[in-house]
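Please put together the full structure from these sequences, using the hints given.
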Amino acid sequence: MKFLKTKFFLITAIAVVVLAVATGVLAMIGGTGLLRSVANTVAKPFVFCGSKVADAVNGFSEVFAEHDRLAAENEALRDQLESAEERDREIELLRQENAWLRDYLKIAEAHPEFTLVDATVIARESDEYATALTLNRGSVHGVKTGMSVITERGVLGYVKETGIDWCRVVSIIETATSVGAYTQRGGAIGVVEGDVALRGDGRCRMTYIEATADILPGDAVYTGGGSGSQYPNGLLIGKVIEVEADENSRTLTALIEPAVDFSEVDSLTGVMVISGYAKEK
Amino acid sequence: MRRRYRRREISPDLIKRILLYGFLLLFLAAAESAFFGRLKYLPAVPDLILGATVAVTLLDSQRAGALVGAVGGFLSDALGSVGLSLSPILYLLVALTVGSLAEKMMGRLPSFSLLMLPALLFRGLFTLGQATLLWGYSPIPTVLRQMVLPEMIWTAILCLPMYGLVKLCTLAFRSGRDRALR
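Here the protein sequences line up with chains H and W, keeping their order.
Residues in the first sequence are numbered consecutively from 36, following my numbering.
Residues in the second sequence are numbered consecutively from 30, following my numbering.
If you're looking for bench data, these hints aren't it; they were derived computationally from the structure.
This one's a predicted model, so the numbers in the text were calculated from it and none came from an experiment.
One should not assume that every hint holds.
On the chain W side, residues computed to face chain H include the following (Cβ under 8 Å) [what the hints assert, rightly or not]:
1. Ala-58
2. Ala-60
3. Ser-62
4. Leu-68
5. Lys-69
6. Ala-107
7. Leu-121
8. Leu-194
9. Lys-196
Derived DEER-like restraints, expressed as beta-carbon distance ranges [to be verified]:
10. His-102/H to Gly-193/W: 31 to 37 Å
11. Leu-157/W to Val-77/H: 49 to 55 Å
12. Ile-64/H to Ser-129/W: 37 to 43 Å
13. Ile-64/H to Ile-186/W: 18 to 24 Å
14. Ala-119/H to Leu-163/W: 52 to 58 Å
15. Pro-41/W to Gly-68/H: 28 to 34 Å
16. Asn-109/H to Met-134/W: 37 to 43 Å
17. His-102/H to Lys-133/W: 49 to 55 Å
18. Gly-68/H to Leu-163/W: 35 to 41 Å
19. His-102/H to Ile-186/W: 21 to 27 Å
Cβ coordinates follow ideal geometry from the N, Cα and C atoms, glycine included.
Listed below in structure tokens is the structure:
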């Protein structure tokens, strides 16, 4: 406490208070005191060195800080890239789906009486020509045994077996199938059925054609429909490749190349099941 | 009878002290404003002048500590702030408080660490007062958490070397507290 009463302390305290007030007043009027200017000038080399060292330390520490930031940014960009690739894949799938839906739209417009259920091929028989396919639609989707299955090109086959959410389709070239058919040009009538010998080539035949029928190679063959037929009328089966006479029955037999290429059925993804149509009387 | 005034001689020790403490204060004030003030990843700027004031008061004398504090405070404000220069008042108070407590202590590092506690308290209160009354920051708990406490913590950590620096300075001249107490 003695120190408080010393001359030294009193002078120092007064000097400090005067300096504080003076700097404050000068700051308010926008000026700088002489002592403050001198202090800044004298300390300038120290300030310069200090700032340079600080910049060096900041630069060094930024390497570590930047590493974390760059690692986080890298991770975020990877996620964005994965999302973008996922989006591209989805877009490609949608594009493909859009393409075959457009094709089916033509069928739907040509046959407004049809009720169509879209389906995807999820399994196939491992054979030279896969003619039995499994689809991802079943009874819950309105699919029943006996319904026709088509692609954008033409008739694929019919539903042989139905599960809750799957069904099995037998193709038109199977020996177990037969369907009444006609040619568009000449109106020749016959029965398209599978043949063991022709199945391996992905073909079938049209039989019971009248000997006098007007049928030539290149003629388009369509389903005949009618009561008892599994297929509705007017679905494209394929085209005539060859016509030959059956000596025994005095009828003609035509070799049919289906519109659906069964050698490329591996690449088949989307098909349509005709779940309903107005039957001909 | 007329009083005779004897002209005081300026001793070499005094010159050494002025030069050494002056250089130390310039260095510390520049380090505060130009180095620590510019470091990006340091949460708060430590008050090195505070540590120097306490060390000089402990290792030299209360008078020397008061002068160092006043000049150091002025330098620190001249380089790092605008407006009122109130830091000299703070350091003067610190020197007074520490000086009274240090009279009974030896000039050792544990004593220095102990004396830093009231000094840090003064510093915290000063910063709180400046932030809330002068600059208008609020609320007080946020000011304490984001300004006052980080400054006190970093000052406590980085002022420990001040003891060593001032000790080196006092070795260069004869009048030191330890020598005076012998």
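Exercise. May I ask you to test the interface hint for Leu-194/W with respect to chain H, counting a Cβ-Cβ separation under 8 Å as satisfied?
Key: Leu-194/W check fails; min Cβ-Cβ to chain H is 15 Å, beyond 8 Å.
Practice problem: Confirm or reject the claim that Gly-68/H and Leu-163/W have a C-beta distance inside 35 to 41 Å. | Solution: Given about 19 Å between the Cβ atoms, the range is violated.
Quiz item: Hint check: is the beta carbon of Ala-58/W less than 8 Å from a beta carbon of chain H?
Solution: Status holds, d = 6 Å.
Practice problem: May I ask you to test the hint 49 to 55 Å on the CB atoms belonging to Leu-157/W and Val-77/H? | Solution: violated (31 Å)
Practice problem: Indicate whether the distance between the beta carbons of His-102/H and Ile-186/W respects the range 21 to 27 Å. | Solution: holds (26 Å)
Exercise. Check the following: the C-beta atoms of Pro-41/W and Gly-68/H are separated by a distance inside 28 to 34 Å.
Key: holds (32 Å)
Self-check item: Verdict for Ile-64/H, Ile-186/W (Cβ pair) under range 18 to 24 Å
Solution: At roughly 40 Å between Cβ atoms, Ile-186/W and Ile-64/H fall outside 18 to 24 Å, so the hint is violated.
Quiz item: Taking 8 Å as the limit, does the beta-carbon of Ala-107/W come near enough to a beta-carbon in chain H?
Solution: Holds - the Cβ of Ala-107/W comes within 8 Å of chain H, reaching about 4 Å at its closest.
Quiz item: At a threshold of 8 Å, is the proposed contact between Ala-60/W and chain H supported by beta-carbon distances?
Solution: Holds, because the Cβ-Cβ distance from Ala-60/W to chain H comes to roughly 6 Å (cut-off 8 Å).
Quiz item: So does Asn-109/H sit 37 to 43 Å from Met-134/W, Cβ to Cβ?
Solution: violated (56 Å)
Exercise. With respect to the beta-carbon atoms only, verify the hint that His-102/H and Lys-133/W lie 49 to 55 Å apart.
Key: Holds: the Cβ-Cβ distance is about 52 Å, inside 49 to 55 Å.
Quiz item: At a threshold of 8 Å, is the proposed contact between Leu-121/W and chain H supported by beta-carbon distances?
Solution: holds (6 Å)
In this structure, the hints that do not hold are numbers 8, 9, 11, 13, 16 and 18, in rising order.
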